[in-house]
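K.L.:
Produce the entire structure from the sequences given, and follow the hints as far as they go.
Protein chains: 2
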Amino acid sequence: MNFNDKNITIVGLGMEGGSFAIAIKEFIKPRNLFAVDIDENILIAAEKLGVISKGFKNPADILGKSDIVIMCIYPSLVIEFMKEHMEDFKSGCIVTDVAGVKRNIVNELDGIVRDDIDFIPGHPMAGNEFRGFLYADKKIFEGCSYLLTPTEQNKEENLVVIETLARKIGASIVFRTDIDTHDTMIAYASQLIHVIASSIVNSDYYSDDITLFSGGSFKSATRVANINPDLWTDAFLENKDNLIKQIDAFSSNIQKLKDALIEEDADLIHGFLKESFTRSNRHTNKFK
Amino acid sequence: MNFNDKNITIVGLGMEGGSFAIAIKEFIKPRNLFAVDIDENILIAAEKLGVISKGFKNPADILGKSDIVIMCIYPSLVIEFMKEHMEDFKSGCIVTDVAGVKRNIVNELDGIVRDDIDFIPGHPMAGNEFRGFLYADKKIFEGCSYLLTPTEQNKEENLVVIETLARKIGASIVFRTDIDTHDTMIAYASQLIHVIASSIVNSDYYSDDITLFSGGSFKSATRVANINPDLWTDAFLENKDNLIKQIDAFSSNIQKLKDALIEEDADLIHGFLKESFTRSNRHTNKFK
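Listed in order, the protein sequences are those of chains A and B.
The opening position of the first sequence corresponds to residue 1 in UniProt numbering, with each subsequent residue numbered one higher.
The opening position of the second sequence corresponds to residue 1 in UniProt numbering, with each subsequent residue numbered one higher.
Simulated from the structure, these hints should not be mistaken for laboratory data.
Watch out, some of these pointers could steer you wrong.
What the hints assert, rightly or not - Derived list of chain A stretches under chain B, where covered just means 3 residues or more per stretch with a C-beta under 8 Å from a C-beta of chain B:
(1) 91-105
(2) 138-152
(3) 242-254
In this text, a Cβ means the ideal position worked out from N, Cα and C, and glycines have one as well.
P.N.:
Below is the structure:
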């Protein structure tokens, strides 16, 4: 598939949007790579750095020429943006997003997106724990899982466009699933992990001396405690039923281990650890 | 400090003992580097690979010539080993261990170690999630924290020997602390992290498909779920009071977030995440 007759526009040049820009410039080579951001300085910088062809503060100035639009702004802002600029989009364009929870964005846009615009809900499982264009990094997509939750309105050929783009920028898994499965599994494999990391770090025992007593395991487990509070508060609340279910299931495991410690039930502890050893061993490339 | 007139003996050539052997051979260059193991094949292999000078199945054959002995076997076996071979050690030798919890080993050996042997309780916060000599890797010590919990019997000059050895093999932090502080902080910064990793993995939602829905955060948080059940069951039980305290504090944070989700208390969630963001940001080198 050839992108060199396509104009791609990224809305929001933060860490994620910036990473898309760098990766798309290198691996996709579209006719033009545009960006929209409210921060003019970032647009100027990205232009000077050669990351984008041109930046626009006013979306109306460029949406009409954009074949593919990638929305890299907060999910709530995506909905606002789409509503406000619905008439500015080019007929036949593909719009995709990166929201980590899919239900709201899909529900809110249902019925209000023009028939000649194909909005494809996307979720690249890629990122780092930082914010802003300066932390953009094409490597975040390397080997990532890129999920799509297609709607009935999506055209097959457009899904293939986004899937091709995802693979070209580095995703090793590109996978279509339904919104329920997506939001359920994300509550487990992503949101719960962030809840845990924050809960570890917000301890009375955490201090500037913690590096004295910690090895790689602590660092790994708390890396994502460096969380974006605005983004994740919204995402947690949006998916609260699923997340509460995951917190309950996890807490019941923790409680099981605690009870076994109180009872000094070595067999139960051993069995529990053996189980996690066996499960995670299946997914581990020991010599990597 | 010069080690080239010293014989160093490693007891137990597993992942940790093997890593010591490789690092000591490269960075310490002792007169001889010996190893004791119950598995003759490992000793032969390590000898052929040039990692050790010579291996011994019978500790009595080599302890009498060993100036420094590093015990890399299970903590309970260290105690047994020391009792059984007390008369075999060389007069004036330094013995150190790597147990992750220090109270039992120090208490059990108190009063039974010969006056002319200096047992220095050590804990290199270094390792990987694998087992056995084949996973030995000198890099595990790179930049690690190496803790000592000296007793009143330890001679200052011998503490300096072990501290020098620790720095030479790669530790960036070499730190003396007391047993209580050590075991308390280890319950938080290491044992709790392993309890959490296992509790994440032992979920009904964990399956072979999990990589579809997970990014780096899940992988980081569950890396250590690939846990050695024998070693960690013992370590958890040995430190159970401290670990239970940590589980309680952590669970109460998780519960706080869960309650806030139920109440849709966005301010509380945001404040909680902001706090963990601020705390962990202090320890993060963003451009690393």
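K.L.:
Now tell me if each hint is right for this structure.
P.N.:
Status of the hints after comparison with the structure:
1. 91-105: Coverage by chain B is violated for the stretch 91-105 of chain A (0 residues, Cβ < 8 Å).
2. 138-152: holds (count 3)
3. 242-254: Holds, because 10 residues of the stretch 242-254 of chain A bring their Cβ atoms closer than 8 Å to Cβ atoms of chain B.
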